[in-house]
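Keeping their order, the protein sequence lines are chains A and B. So the first sequence is numbered by the working numbering: it starts at 1 and just counts up by one. So the second sequence is numbered by the working numbering: it starts at 1 and just counts up by one.
Where chain A lies over chain B, by a calculated footprint (3+ residues, C-beta under 8 angstroms):
{"no.": "1", "region": "22 to 32"}
{"no.": "2", "region": "185 to 192"}
{"no.": "3", "region": "657 to 665"}
None of these hints come from the bench; they were simulated from the model. Built from N, CA and C at the ideal position, the CB exists for glycine as well.
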Amino acid sequence: MKISFTLNGKPISRDVAPDKRLIDFLREDLGLIGTKEGCGKGECGSCTVLMDGEAVCSCLLLCAQVQGRHITTIEGVQSGNELHPVQQAFIETGAVQCGFCTPGFVMSSAALLEKNPEPNEDEIRRAVAGNLCRCTGYSKIVKGIRIAGKRMREKS
Amino acid sequence: MRIKQNKLKSHPKNRRVDGVGKVTGKAVFAADQMPGHLLYGAVKRAHVPHAKVLHIRTDEARKCKGVHAVLTANDIPGAHGFGIIVPHQRVLADDKVRFYGDGLALVAAETPEQAQFAAEQINVELEELPAVFSPEEALVSDAPLVHENSNLLFEHTVHHGEGETPDTAINLLHTYRTQHIEHSYLEPEAVVAWPAEHGGVVIKGSVQNLFSTRRSVAAVLDFPLAKVQIIQATLGGSFGGKDEVMTLLSCRAALLALATNRPVKMVNSREESFIESYKRHPYKLSYRLGADKDGYLKSIQADFIADGGAYASTSQFVTWRSAVQAAGPYRVPWVRARVRAAFTNNNYTGAMRGFGSPQVNFAIESLMDELAEETQLSPLEIRRRNAYRDGDTTPTGQKLPGKVTLIEALENVARESDFEKKWAQYRANKKSPVKRGIGLACSYRGVSLGAEGTDAAGTLVAIQTDGSVIVASGITDMGQGSQTALSVIVAEEFAISLSHIKFLNTDTDRVPDSGPTVASRGTIMGGNAAYDACITLKNRLFHLAAQLYGGNVDDFHLKDSALWRGNKRVIDFGELADKAFAHAVPLMAVGWFKAPKTTWHEEHGQGTAYFAFVYGANAAEVEVDTETGQVRVLDVWACHEVGKIVSYPQACGQVYGGVVMGQGYGLFEEYHQEQGIPQLRNFDEYTLATALDAPQIHLSFLEHPDSLSLIGAKSLGEPATEICAPAIVNAIFNATGRRIRELPASLERVLLGKQLRRKNQRTSLTKEQP
Ligand code: FES
Ligand code: FES
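Next up, chain A with everything else stripped away, as it sits in the complex (with noise of 0.2 angstroms):
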């Protein structure tokens, strides 16, 4: 079957089976490896990507659900060279440790100050209640949220 849509905002055309799950077609087919697989079932959030700027489990979707969807990947996320702030702050709270699950948490966290520039604590660890980290205990990668929102509110 031939699908269309939009990916990391570049028009694509392809011939895939459309029960293939899109966490493999992103990955194998595209090599685009930003985006992880760590269960396979929607519980851990590693897979998140934006589907029409909501994040949602690829692990989940299969191919034919995304034709004409606007779908973006953490390789998407960056304007050119720029990182997107959620990444910049990232780095800078030591929101990353083994970095498994930091592909994913950048994209829930990216969908989130999209449509809520201004989050309360609580509706940061909501907003990412669905990606599980082992390492950091979340504490940083709140934080992150919370200061990549304010200089993404003070730039605009």
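Starting from the known structure of chain A, arrange chain B with the ligands on it as the hints suggest.
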């Protein structure tokens, strides 16, 4: 002549050297490797806990589409088994299946689906055997044997103080139990193996202890060590968990790669990871405590039994630490400790962050609170009366070296959390259904391996001719930030910016065997080795400087990316490096650090177990809904003595992550097996704390640089996780008056005092039963 040590500043802004790669998704984890002509491996697993292997038929599987190889134990050229202590864990089961996750055969095919399908077509004939699932039952004389000999895996004793149990005014007898814990690194195990260009094999994967894995792979393939190269991919967490299970994957992928002459990738799904990987040991801990009426400890008798599961793994060492630290960080004149580990047909158990201490910390810290209750003293006061102080002697007869900072840590968290006041106030609240509570726990911990084994490590430092530096170590970074910590040490020594340092992932072909990265030894061992290499190189550079610019070697020092003589800037560090190259001065050095001597006498359980100790304390404040049993952890105060902080953000990260992992141990996590069959296999059932559960964490560090460590640093990763659970359980008691002696403190245990889920008691099939 003395080379001046640059002052380690532990800059608060030291960022991870691997940060950008990780936030952008460019970091290449093991499963991200996509070489050309790749084949995929799959495993046929036993899915029974104990059975004789009668026959394995592979002809159907061989005929399947895309299949390139199907292998069984018969195809292994060298040793069939491996293991750090006893080499009896089979790469593929040959004689018997000993637990549910054992593998029987391997397939390599062109797609993961084809490999999986073919593996399902493998026909195995097994004869199920009577099995044993509890360590107590395993040690009964007619219990089914897991291996050829006794089910007793190991036994340690510690004997301190003469005579019989002293008579005491207070005697407490309590038994505590802990559960199996899954490491739950977010990255499931993965590896790619390929035949090496000039013979041998190359393996790149999420391997924690590359050198022990290499030994096993070489033995299995019957290759010399030099023909097996193991490269560490960026690791997505380990917590002690990517050791034997990665050896297993490495051996299997290597066998398939050599059989097919193609690169072979093996990636565990989360479900496969759950059933195949080893866990943290569940313990049953029975204590008899004697104290005088003022709460001063007089005697402790401790009898622990640990479930080692199907294989020995590191159980011998894990239980040794439990034995050494059985009486907690307290002065006790009379101690008898016995720790046994038994083989069962459960998942095997091995190293996990804490390594034999979280179980003991939970029990002894609960017990101290029970003593506080008995004597009507506060938990802080009971600890003040008994805690180790400078110059005290441990039950193994070791005088505590250096400064003993236990009281300092305790007083710190008590003060910061306003412990005494809250504790008294919450205790008095009998009315509202939602109750608050606050709890305390503390620990001491022997640094690094101690008398467990050879303790030395190497780090390689190579200055480039422009003054940038490449660092590589035998210590692996699994996410904890060793690469950053070691880079910081090198940057400080050469007075250059962290951005001029490149750290290489560990590769057995290029760095010296540095033992395993376990026991919170990364920074202390790898860091001291890095420091040693820097000193060697600085010595060479200063010699050259004395030749070129006159004066003595010790007139020179490095500051602000330059060489200085007194307060005069002589030359830029990069130019100096270039000059050194022109003068044929070797710019590469291997630093080596050997831990100070430790001793152990197994028969008496006496010795200098560790060369240094660290101390820590936690306070936890909880809110308990007594109508639902739900416990929320609101705040945790953590204070740890760390010797010297090398990299502040990484140190904080260890504590934040450690506390939340400890919270999971206390409240949520249990890898539950029923008759050897795993009952939960993914994160929908095995609950990790999320951002909504994690408490606010308030941390402080005490720094007392250790004289035996050149850089002053000691350990942190494990102390950070071992005392949160008991602090929480003690807080639940403060809130509700209910003492929970079995982890996790789940809703039912908090509400009803017992667990509802388990359908039948954990019993073993006896020989009589079919
Ligand atoms: S891999 Fe998709 S949620 Fe875990
Ligand atoms: S940084 Fe390791 S899982 Fe989040």
